[in-house]
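This is what each chain is made of:
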Amino acid sequence: MRVALLLLSVPLFAAGAVPAAPKPLSFRLDVMPVFFRAGCNQGGCHGAAAGKDGFHLSLFGYDPAGDYYRLTRQIVGRRIDLAVPEQSLLLLKATGMVPHSGGRRFQPDSEYYRTLLRWIREGAQDDSAGVPTVTGISLVPDKLVFSGKARRQALQVVASYSDGTTRSVNNLALYLTNNKATADIDGQGAVTAGKPGDTFVFARFAKYTIGAEVIVLPPGRFKWPKLAGNNYIDGLVWSKLQKLRILPSPPASDEQFLRRAYIDIIGLLPTPEEYRRFMRDRDPQKRAKLVDALLDRDEFNDLWAARWSEWLKVRSDSNSAFGTDRKAAAAYYDWIRDQMRRRTPLDAFVKAQIAGTGSNLQNPPVNLYTMLPQGQYDPKEVAQDVAQVFTGMRIQCAQCHNHPFDRWTQEDYYGFVSFFTGVKRKMASEAREFWIYDDPNAPPAKHLLDGHPVPATFLGGARADSPGKDPRIALAEWLTSPDNPWFRQNMANRIWAQFFSRGIVDPVDDVRISNPPSNRELLEELGRRLAAYGFDMRRLIRDICTSRVYQLSSVPNDSNRDDASQFSHQRLRRLRADVMLDALAEVTATPSVFSAMPRGMRAVELYEGGFRASYFLKTFGSAPRDSVNTSEERFEPTLAQALHMINGTTIDQKLARSTVVAAMLQSGRKPSDIIDDLFIRALARKPSETEMKKMMELLGGKPAEKQGYDDVLWALVNSTEFEFNH
Amino acid sequence: MLRVVLIAAVCACSLTAEPRHMVDYLLPRGGGVGATVTAEIHGSFLENPREILFYGSGITASDFVPFSRPGDGFKVKFHIAPDCPVGEHVLRVRTATSLSDAVTFWVSRFPTEYEFEDKPGQNDTIATAKPIPMNVTVEGQILPGPDPDIDVYRVLARQGQHISVEVEAARLGTLHYGGENDLAVRILDQNGKELGRDDDSALYVQDPVLSVIAPAGGAYYVEIRQQIYDPPRMAWYRAHIGTFSRPTAIFPAGGEAGTAISARILGDPAGERTESIALPQATGNFNYFGDAPSPNVLRVSPYPNVIWPANNAALPAALNGILDQPGATHIYRFAAKKGQAWHVRVFARTLGAPVDPRIWIRAANGGRNLVDADDSRLPDLGRPSMRGTWHVKDQEDPVAVFHAPADGEYLLGIADTTGAAGPDHVYRVEIEPLRDTIYTHITMPDGYQLPRLTGLIVPQGNRWTLDVQLAPQLGNTYKGDLELAAEGLPKGVTMIAPRVTKGLLRAPVQFAAADDAPPAAALIRILARPVDPSVPLQSGSRQAFALINRPGELPWHCVFLDRYALAVVDPVPFHVTLVPPAVPLMQGSDLILQVRVEGTGAPLEVQPDWLPPGVSHDPAVTVRKEGAIRIQANDKAAPGVYRIAVNASTTGGDAYSGVGRSRVSSEFVELRIAEPYLSLDLQRTSVERGKRGEIVAVVKVNRPFEGKAKLTLRQLPRGVRQVGTAEIAARDKEAVLHIEADPDALAGMYTGISCEIEFQEGGQTIRSHSGNGALRVDLPRSSL
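Protein chains in written order, with the working numbering: chain A, 1 to 726; chain B, 1 to 784.
None of these hints come from the bench; they were simulated from the model. Some hints here could point you the wrong way.
What the hints assert, rightly or not - FRET-style restraints, in silico, Cβ to Cβ:
(1) R197/B - G375/A: 25 to 35 Å
(2) L176/A - E194/B: 55 to 65 Å
(3) R333/B - E477/A: 48 to 58 Å
(4) P443/A - L370/B: 34 to 44 Å
(5) K426/A - L370/B: 21 to 31 Å
(6) E477/A - P144/B: 42 to 52 Å
(7) T329/B - K426/A: 12 to 22 Å
(8) R612/A - A485/B: 35 to 45 Å
(9) G375/A - A219/B: 42 to 52 Å
(10) R333/B - K469/A: 22 to 32 Å
Model, not experiment: these values are computed from the prediction. The C-beta atom is built at its ideal place from N, Cα and C for all residues, glycine as well.
Isolated chain A, as found in the complex (with noise of 0.2 Å):
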């Protein structure tokens, strides 16, 4: 259904009653809105810290009382003209009639104008108390269907009152597209369409983000195949991709799943024994069981471990000052490896984390408050860090002002600064150790704006009850509550991502009303499961691997190519920086070396992550752990890479230490079966024809040679297919 509704010129009467009179306009609801929609406020203009040009305007208005006093008490008579409203510094500044950085906002015909000149007519009154406020915005529609491109439709922007009335506010709303190329908005929330896709549009007004998914058909006809699906998973992407008339690629070959599974699953290659025995085994069911065989397995928990260590920073400080030694960090990640050991269900993993108290060396989950900050305690970067981990969601722009992309205001921001407010931290029996625990007596943060305290609040939600007691342990159990989509969906869309290098809502950390999951029912339902299974991963990751979704070929096809977050193909994704490194040594059979580690640890297992230990593993992209930025680690290609593994010692090294071929020449093997062998190590394949015919030529005439299967080798982990999952 789509509504047809008109445009409504600013300013606007509440519709529910048009009063006899009108009313004086009001400096929040009418004159607010302005500074808002003509940008006034923004960061970049008088909405800085410092302001512009001597006039500050509280960042996109959090603040309407400053802004209030400051056009017109800050320099009495200036930039209201009471007297002559047409000669305030306001109105002529805003049009350009004087010189303005910011040059012209409006036209003096313009509604804007009007409205501010009628207000300082009207005597610049401020509001009184009881003004209403805006408690919520919608977009009609909220989902459009485009058949083709350049057409257009309108859509109507409504606010809500606390008065319980409501208004057009089309005119004073601001609107964004996440994919112009697909919708664009103009600046009275008309979408016109663009070439065929998926993606959404929003609008803002008042302290309100709200968006309107838009599908853009390709042209021409599409009939959608009868397509099996293993799992609900597959239901719910092919529902979706039928909707943008995408067909999915076919699925992959056993070859391509196996090492597919292998990195995803345990962060390691299949061996040519493991090889072989998934290659002979004719069981239609063997791609499930292999996807069990490969949840049991330790290495499934170290490349957990790992995860899990980069998005909580587990890493040591060069001095342990703050608690952040080198046995917190190993006894953190052990914990955490444990806990993935122990299948411990990902709520109780996370509440143990949140309300940790005691010793950080006995006690290691409570390293979260040692680890998170990497210094001194600050509550406020605590609370962000938490938010974005467990919820996904990015609050700090909420600090300085209400964030404008989403819906968390200064009030949201320190009522959950509050939980974190009352943690202490102390030197306890040595330097390296440190007592974490709630002091329940600390005062509550306080607001930016007015210095007031803001009791500990829940997201979105209510206040903590839990005066004298430590205010984590009711966060905790908010947090992990089933019943809490943030988390479950959020812990879904990170298990997701590690399976297709993309989240549901991407980057997975970055959750907000503006960035929404290119499939909304399948992030629900994943949500909804991981809840229901009791928050087990590996349940939730058996459904992931064992769908036709997941084990798509990479290969797109027509209507498929340009789909980069549907899943209608599974995606060519380089290796993790360590997963390669790991590969390398477990295809050379040479283990690497780290400094001060013992001889034998993977990279994988590096409890303080790579980037620091490794200089291959730097420049492949591990994470720093600096920061809970997923978008720490790095994929992007870089010139050191690839001369690293060209000129580099890595490869070098490992293949003067190998005695993988040695092994091969000396049991006799023919050559082709070495070659064979090394297809297999590297890239979980028999080389082709082709393949194989040039590698005998590398051999050179010298098949008993170490050399030449050395430079197979050598070209084999420099091939894009090695560092590449696909």
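With chain A held as given, fit chain B onto it using these hints.
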């Protein structure tokens, strides 16, 4: 195929600023009672060892056998008496010319079994475990190298028998610097099933303790390894393995002197038991061993116990409880009278209980907390601290002084800071009258042992000056003058100690060895005594040193001593004399000290030993016969008469630590710090660019002086200079100093202009500074 091989040149230089030590380490790390152990002392400048000075009783040394390079060390036999106290023994080596830094040797009640592992893998698994009898102390090593070394020992136990392990590793403090040796222990059955594990312990911090009950008769395995791999460096350990009971706490943790307490022995896997423990008459710490290799420390007090849940205390008293309920606070009630001062100290973590206590005191009828104490500083516990760079577990226990503001009832609450609780979370709060106490400390800058400063190495017929720090203890009210007295000086040695005037916290003392004083080492005390002997004042000597110092970190093991070591050594062929300064050192001025050395003519480094607060000196000078050292007093140096000396040391060895050097002091001479002869008040004035002007100095003569003083302006702004010279005599009331401003002098207001005053006195030029003037540089009037 093109392959380019890049060679990375790695410079593995280690540039640590590690001070040198005479004794780097001592092996083996210990021995059993009744045994004779051949110890190897490794280090530098260890030629001609004469004596091992033990701080405790029970060990004697004999049969010194130098290494092939005698300076590198020697072997010596340690005879450990059957009744030798077990635990840590601190020792130093006296050679013919020196006294070494302190190291430790550990005595066990059990015989020692040596591991004898050459390379990792020899006893790393159950299959290759080294069989040992029960009730031995294994001395082993986590071998260095990239392959983690695991040491496994096989013992036989009967069903129901204790299998207990207590590891000494970090505590051994094998190295002065580095060598963090953090071990963990597991006990396994013959199938490899883990019966117990421990990494750190409340009792011994990094060192684990573990006790299990054998579920069946048979073989069991004790596995010792690093908790996390850290490249091992001299990672020696001594593990007591046996059938002993290893309590984690005893309740109550002490009692009244001379009584017997009915003690609950806690933390034993066989369950709690009760024993009667007879306490000695001597108050303080009392080591209760039972059959364990290390004691549980109990407190002996001259007042009775109050045992929770009884909570009414008549002070003085010791409050005893167990925080066995999470988040619990135990509240005691006591009466106090206005003006009373009570010393309140908690013993919990100090005794090895897993408690982090905090206390508060408030009036029973409400109001704010009068005392709120959590952690303590080392000095509050009566121990020296290297400027806050040391930390021991005892500091988790609070200490406070409670001054009762009025007659009445008060409440004392005690809780665990983190709300933790457990059956062995034992605490004891001792509340006793506050006593004035001033300890003496020997301070070691940077936390390292520096023979240069604290060696107390006195060559026969010579002297050594020591900087003694006075440490008033928490709540001390004695503020008067002090005398320093020595106890335990060896024959032929005297201590010369000037009176310590009120307010001074550092003072020099000298030890003079007679020509015929026999070479010997001794443990002495230096005690602070009030000038009026009727005034009660407690005193003692406190020294400490740290082992396993870490770069930029807190050391792992601190050793606290209550005596200082002093040695008389062979004579050196030189003496140093400080010529008494003929004139006083004025505040804000400097002075040249003349020194003379008599000796072989070899170069000697000479520098002042101790200088009053506010007085500093130039770097050491090298002197063959005569030399001069400049000292400077700041404006705040307190006027008075002080005793100072200089020392002369040979130039070999290590200058910073003093290792490898011989050092002697001059006799004390008097240095008077006086007010300056005069002070100047520089009048505000102005000068025009390109013109001349005057700065008038109003003279205030504090003390008459002879002759004339020359005045030179300092800190003039750029482009302004003094013209001509100015001189004044003691009778002058003011002086005029001429200045000239360049045409391009920077215009503006300038403050902080001072005047250097030069006197000729006692054959030297003495310079002081005075005045704080302001000068305005104006633009030429024509430009206005």
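Right, here's what the structure says about each hint:
no.: 1; hint: R197/B - G375/A: 25 to 35 Å; verdict: holds, 32 Å
no.: 2; hint: L176/A - E194/B: 55 to 65 Å; verdict: holds, 58 Å
no.: 3; hint: R333/B - E477/A: 48 to 58 Å; verdict: violated, 38 Å
no.: 4; hint: P443/A - L370/B: 34 to 44 Å; verdict: violated, 22 Å
no.: 5; hint: K426/A - L370/B: 21 to 31 Å; verdict: holds, 22 Å
no.: 6; hint: E477/A - P144/B: 42 to 52 Å; verdict: holds, 49 Å
no.: 7; hint: T329/B - K426/A: 12 to 22 Å; verdict: holds, 19 Å
no.: 8; hint: R612/A - A485/B: 35 to 45 Å; verdict: violated, 56 Å
no.: 9; hint: G375/A - A219/B: 42 to 52 Å; verdict: holds, 49 Å
no.: 10; hint: R333/B - K469/A: 22 to 32 Å; verdict: holds, 27 Å
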